[in-house]
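Enquirer: Read off the chains here:
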Amino acid sequence: MDTSHLAEHAGTAGTLFASIFVVATTTMRTMIPLRVFGILANIVLMVTAIPSHNYLVMLVQVVMLVVNSYRLHQMLQLVRDVKKSVNSDLSMEWLKPFMTERNCAAGEVLFYKDEKAEDMLYIVSGRFRLVESGIELPVGAIVGELGMLSPSNMRTQTLECIEAGLILSVSYSKVEELYVQNPAFGFYFLRLASARLFQNIDTLERRLAHQVAQSAEPKPA
Amino acid sequence: MIGSAPVSDDGVLSSLRYLFADLIGEDDDTPPFLPEGLPEAVAPVASDAIHMLIDYQSTAYAQLYVDRLKRFVGRRGVDDAMLGEIARLMAMRMSYQDPIRIAQLKLAQADGTAGGAPLPPIGDVGRFRLDELIGALPAIVAEPVLDTLEWLGWLHKPVSISFRAASRLGIGRLKLEASLRRWRRYSVRYTQERVWVERWLHMIDRSLTKQPKAAPEIVQTATMIQGYGDPYRQGLADWHAIIDGLAKPTFDGVLALSDLAAAITEAGATAMPDPRQAALKRKIAEIRARVPAGANAAE
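If you read the protein sequences in the order shown, they are chains A and B.
Our numbering applies: residue 1 is where the first sequence begins, and numbers increase by one.
Our numbering applies: residue 1001 is where the second sequence begins, and numbers increase by one.
Be careful, since some hints might not be right.
Unchecked claim - Here are the simulated DSSO-like cross-link-like pairs (lysine-lysine), alpha carbons at most 30 Å apart as the crow flies: (1) A:Lys174 with A:Lys83; (2) A:Lys116 with B:Lys1248; (3) B:Lys1070 with A:Lys113; (4) A:Lys174 with B:Lys1248; (5) B:Lys1281 with A:Lys113; (6) B:Lys1248 with A:Lys113; (7) B:Lys1213 with A:Lys116; (8) A:Lys116 with B:Lys1070; (9) B:Lys1175 with A:Lys113; (10) A:Lys116 with B:Lys1281; (11) B:Lys1210 with A:Lys113.
Stated by the list, open to error - Taking CB as the label site, the calculated pair distances span: (12) B:Thr1209 with A:Glu136: 17 to 27 Å; (13) B:Gly1227 with A:Thr27: 53 to 63 Å; (14) B:Gly1170 with A:Val63: 43 to 53 Å; (15) A:Ile201 with B:Pro1158: 50 to 60 Å; (16) A:His73 with B:Glu1143: 29 to 39 Å.
No lab work stands behind these hints: they were computed from the structure.
Cβ coordinates follow ideal geometry from the N, Cα and C atoms, glycine included.
Chain B extracted, bound-state conformation:
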């Protein structure tokens, strides 16, 4: 079972810990409980996700996962399979791969502390974009640096970082990078990822209200966004193109797509590693054009 007795909250030490919580991390070692009414079939996925997110960030972050999952527990139109997918994909997106995460995974690989759980394959060298790298730092530090890089036109420059754990120096460096997780919550990237997850959940929620048949497909769109660097950026851009071009207008009532799920699958199949998204944009325009003109509320 997840959860244990809370830590005593009195004394000078706990006051000091509270005062410096932003710097040393929160005193929150009580793991959250699984949401009430969670189906048996989903419990193992959610439980693994909670432990993974505690390792990834903190128990407060795992609590955020539980709170988000609760929104769909017992919800009409959400069966066990769909809830399981929401639980799995949300955990995947909440543990996004920034340089801190990759350092954590490499250390777990090196220590053999993965606890039997399969780790995603991690190379010795990570290829990021400069804005992605700086975005992992606290916003107060990152924002002026990002502004300067933008002014210089270097924002999208590729940067390669070594994540080798072969030497003591390499392990020390990985530990230093992994320790930055305390400040992850204040990073530019964290804010962006939080907004993305909320938007994805919002789209699932709206789909359940407006077009329930499309909800499983909306859930699966999270798989479009994977990894880091260019593939991550491409997936994110494709996801926004599909949601802004097809899903949102349908939910807003300005596009009368009768089979949104099929439209998303069709558009998703044309997504290519092309920064201009030419094929995808063409396909979205084609799907939109197929909708009878009189059927669109805005027209």
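The shape of chain A in the complex, shown without the other chains:
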């Protein structure tokens, strides 16, 4: 029995079916549904190419499937990590995969006070000091996470490297990109930034209360 016409019909039906997914993919507004529909379209197009032995199409779709799956995994992991961070230690470690490494020499200034902030930094090693306040930042500290959300976008202090080390940096535009692409990430990022801001206010209030208490204590004659 000649089955070639069946393969031809299956191919046509598959192509039609795949086209629906391709069109649906283009209508997606955000990154996660776009990747999911992209993966579905890749699978359908791959299956469709089997009866006609179109190996080039199969190869292209396999490559696209791998890329789409990896990006989807990255995006889901990001949302999960930010969500976890909001509910635990308010850490910004989840940003690490999106950051680039930079070596700093002693004496190098990473940014100056009042300069327009354009990136956030994560201290991996070395010693870094805020020049105006003289505060030394510990390894693991994140610098400039709130600057992205502040209307003025200005650095409030100067950061100087006092002992050679490594920092990771990510531009605000990259974080904005993640924010726009992924509403779930955006929502949890805002919650995280607000929580860190409230944490800072709480620390300041406690410090102020401590100072007031100290000044109210009777001084020895």
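Given chain A, work out where chain B should sit, using these hints.
Expert: Chain B in isolation, oriented as in the chain A frame:
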């Protein structure tokens, strides 16, 4: 008055313009306003600087100038004269002379479009260093070229470029060079100049906090850096030597210089066109040695 109604922001054309903003330049033809509270005496200097920087680069660049100037408006210890000098010298340093700027100035000279403003004298031939020339290109292009030149040992080779506007071919070439200003923001040189201006402003800021009397002298150190090529490199190296040797240690509290302004003037007077900076380094060491040993916090 500076400023006008904003351009409509809807439509396909504006979306396309936004998409290709990096290539065709930003749609930012609304000039920035002068900083609020700017003294009358400083307004003409700042206004001229804004127009000059729009011509030099863009309105966004002029906005950066305004934002930087704002830091010192109404600041304690900054009088009108000092603010005027900051405004003037910052405009001068923000309009640094790269091959693109020289092409712009030669075209303005040739067209007579300088608007009555005096233009700095520009020769027909500019003598640059190879790294200076390549540094004016976008970093993505310039960095691998600079690495290769360094490997070959040609980084500091002098290069002469003609900026003659005598023929149509010459004018066409100048226009081509001037059009590179769109990509100036992405250049290696732009990053270096941005860091320099921020460091200079940071030193003024620290001086106002730590030793206000020295602030006018710190402001004037910007005049050490002029032009392009070897004089520019020399001025830059001398400036860093003075700031690193005298100003920064004083602000950090490791050098107890009671009269930083006088020390800077004294050191600046010994700056010579000498790449080894022998006289300047000797003078800085001498000034440092004059400070009583017990007075230095680090000792």
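Enquirer: Run the distance test for lysine 1210 of chain B versus lysine 113 of chain A: straight-line Cα separation, threshold 30 Å.
Expert: 15 Å, holds
Enquirer: Run the distance test for lysine 1175 of chain B versus lysine 113 of chain A: straight-line Cα separation, threshold 30 Å.
Expert: Not satisfied, since the Cα-Cα distance of roughly 38 Å exceeds 30 Å.
Enquirer: Keeping to a limit of 30 Å between CA atoms, is the pair of lysine 1213 of chain B and lysine 116 of chain A held or broken?
Expert: 28 Å, holds
Enquirer: Could you say whether the range 29 to 39 Å given as a hint is met by the Cβ separation of histidine 73 of chain A and glutamate 1143 of chain B?
Expert: Holds, since histidine 73 of chain A and glutamate 1143 of chain B (Cβ atoms, about 32 Å apart) stay within the stated range.
Enquirer: Should the hint that glycine 1170 of chain B and valine 63 of chain A are 43 to 53 Å apart at their CB atoms be regarded as holding?
Expert: The hinted range 43 to 53 Å holds for glycine 1170 of chain B and valine 63 of chain A, with Cβ atoms some 51 Å apart.
Enquirer: Check the hint pairing lysine 1248 of chain B with lysine 113 of chain A against an upper bound of 30 Å on the C-alpha distance.
Expert: 15 Å, holds
Enquirer: Under the criterion that the straight-line Cα-Cα distance not exceed 30 Å, is the pair lysine 174 of chain A, lysine 83 of chain A satisfied?
Expert: At roughly 19 Å apart (the allowed maximum being 30 Å), lysine 83 of chain A and lysine 174 of chain A satisfy the hint.
Enquirer: Hint check: lysine 1281 of chain B vs lysine 113 of chain A, CA-CA at most 30 Å. Holds or violated?
Expert: 29 Å, holds
Enquirer: Between the alpha carbons of lysine 116 of chain A and lysine 1281 of chain B, is the straight-line distance 30 Å or under?
Expert: 34 Å, violated
Enquirer: Range hint 17 to 27 Å: satisfied by the CB atoms of threonine 1209 of chain B and glutamate 136 of chain A?
Expert: At 19 Å between Cβs, range holds.
Enquirer: Just to be sure I understand the hint, the distance between the Cβ atoms of glycine 1227 of chain B and threonine 27 of chain A should be within 53 to 63 Å; is that true here?
Expert: 58 Å, holds
Enquirer: Between lysine 116 of chain A and lysine 1070 of chain B, is the straight-line Cα distance small enough, at 30 Å or below?
Expert: 13 Å, holds
Figure legend: structure checked against the earlier numbered hints; hints not met, in rising order: 4, 9, 10.
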